[in-house]
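Student: In order, the protein sequences belong to chains A and B.
Using our numbering, the first residue of the first sequence is number 1, and each one after it goes up by one.
Using our numbering, the first residue of the second sequence is number 1, and each one after it goes up by one.
If you're looking for bench data, these hints aren't it; they were derived computationally from the structure.
Keep in mind that a hint or two might mislead.
Computed beta-carbon distance windows for the label pairs [said to hold, decoys possible]: (1) A:Gln-162 / B:Glu-35: 37 to 45 Å; (2) A:Phe-512 / B:Asp-21: 34 to 42 Å; (3) B:Asp-21 / A:Asp-61: 30 to 38 Å; (4) A:Asp-142 / B:Asp-21: 55 to 63 Å; (5) A:Val-30 / B:Glu-35: 28 to 36 Å; (6) B:Asp-54 / A:His-234: 21 to 29 Å; (7) B:Glu-35 / A:Asn-366: 49 to 57 Å; (8) A:Lys-237 / B:Met-1: 26 to 34 Å; (9) B:Asp-54 / A:Pro-390: 33 to 41 Å; (10) A:Glu-454 / B:Asp-54: 38 to 46 Å; (11) B:Met-1 / A:Glu-55: 40 to 48 Å.
Straight-line Cα separation of at most 25 Å, BS3-like style, residue types lysine-lysine; simulated pairs [to be verified]: (12) A:Lys-11 / B:Lys-9; (13) A:Lys-476 / A:Lys-524; (14) A:Lys-9 / B:Lys-9.
Even for Gly, the Cβ is constructed at its ideal location relative to N, Cα and C.
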Amino acid sequence: MTQEKQIIKLKSIKKEIQKGHFTDAFQDLVTLSEQEHDFTLQSRYASLFNSIPSEKLKLKDLRLALLATSTVDHFIDILKFWLAKQGFRVEIFSSPFNTISQTVLNPKSDLYGFAPEFVWIFNNYRDVKLSVPFGASPRECDAAVDIIIKEFVELWDVIRKQSSCHILQNNIDLPNSRIFGNLEGSVGWSQTSLLRKFNLSLALSSRPGVTIFDMDYLSSLFGKNDWHDARYWHYSKHAFSFDASGLVASQAASLIAAGKVGAKKCLILDLDNTLWGGVIGDDGLNGIQLGHGAEGEAFLEFQKYLLALKKRGILLSICSKNEENIASDVFLNHPDMLIQLDDIAVFKANWKNKPDNIRDIAAALNIGLDSIVFIDDNPFERQLVRKILPEVTVVDLPEDPTSFIGAIERGSFFESLAFSNEDSNRNQFYKENTIRSEHQKQFVNLNEFLIDLEMESEVGQVNEQNLSRFTQLINKSNQFHLTTTRYTEAQVRSMINDKMTILRYFCLIDRFGNNGLISALIIKLQPEIFYVDTWVMSCRVFSRGMEEFICSEIISMAKLEKSNFIIGKYIPSKKNKIVSSLYERLGFKLAKTEAGGTTYWELNMKEPLPKFSHTIKRSESKNLSPEN
Amino acid sequence: MERQEIVNKMNSIFCDVFDDDSIKISDNMTSSDIEEWDSLNQITLVVNIEKIFDLKLNLVEIGKLENTGEMIELISRKINP
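Kindly produce the complete structure, drawing on both the sequences and the hints.
Tutor: Structural data, given as structure tokens:
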């Protein structure tokens, strides 16, 4: 979004607040704000948030003391907003500028009266005055660092003695100036090396109740040349760039939230186009992208990343719209599949809606929905989960698999204040305790959500422009494909002018964009009979009312043709179980069963016809004339 | 950039920073004319000016300015050297 669009959006949020629509306004602010946004935007988010009476939002109280050696007044407002994004209404105690020791050492200081849950000691590199003679020995360097580390540790101990708070301690954001230039990184006695040693010693000295806040990482991430703005240090004692306020606030808020409500425990993953490229049900074991080529390597790298998360104690579960045996076949038999079935805590591959499946997974693992992160390439599924299960964290997955890891990293979902051995054993624990709960009833009402989707389907006759996509869809579909027919482009082209054949394509547009041509239909006209020769549909749009919509279309066409019967056929294959009962669901009667399981279904046009409810608006392509 | 354009941009910065759309800046306006114009908002103003006009200001110079008119002169000199 450009800065101008952001400003327009902010104005509309301001109006919402004036109208008293506080929850909506806050939700809009949450969606709009990104940690990378500059200070001018961050301070506007903060001031809009400030103008919402905080009791109107569902936020948990939090008490934070900020002990800083620099000016943090502007930062505090932005931090309040980012903590609210994590669900907290924070009250902040800030010690007068540069009075950390006095505040901490005085047992009667307001700090202890405030009873903070978190104390954030907000140092910057200027606070650590390390110097040794040029060319000093490693032992001299160690000694110099140790003296200062000891001061830090003593301060923590004093605080922890008087208060049960958790301490966040900034490490040192290394400066961007180097007296010796590159040599600073090449010898142990330089300022750069001493500060690096200091940061390492600080980490080694941290103890239960103390977490180091990695300002040096954040300053590198932001870019040290921009991070250090000497003008504002000298003018107003601001220790880091204003434009890094969002980044620092957002990272601190994630960390504090992890400490307060517990870290995320489980990552629920889709399969097709998430763990591998392509659709296993249609493309088959040899057709999916995994392991080779740029795309295949990116998916492999993503799987490696997920396994590393699993190793540190994040549970991996699967929630995919697929046939279970087809989906698990990839885990068992694809040579490049890194994640094994054994790595998965709960495996759900079925055609139920995802919110129900996610609830089942949470129940089976006995974890809260708020400890789940959901990853899916399909914006429809993401929005559905967001809407029905707002407690679940949904990752906005980019389309390009090379950016998947970055998207998860940016979200800082798996922050934690400490690490324990139980963390890494969690997978085993949950596997042993998984409760198998089969046949859960469906309790999500999709209808309201589907209305919000504003779906519109374009119906049209096949022509030269869409012939190849139409043919391709027929030949590549395996799952929603009732008769397993295959046609060449030439064959389909010859049907265009055949008076006894009707070709229809269906496109689908919804709030998330254009899904393109998603269904193809070939009808053969026989005396009295309207015969559905081929019906394929992309499984991406299954269970959204499209089946019902297309069936209504079939019935109206059969009426126009004055056919007496509509006949549909189902030829079972290894992959099309999903449509085995489609005609039955659509109100057709079973007419005949052949050896091998092929079934014929009929709809008598003289009898009362089924009525379908769906939420899809119909639009016609211009090429659709009555005689087609 | 014309002086009037600078004034307009400055005016909308003031409205944003002090969250008051009714502010009309004038050349002899000073911090005593706006109640919220304290040292903190002074910095917010400066950061916003740097961003909107895409320039870096000498903060010591800023401290010496007498009124809003002088600030506009300074910006004008920076962007129309």
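Student: Taking each numbered hint in turn, which are not upheld by the structure, reported in ascending numerical order?
Tutor: none
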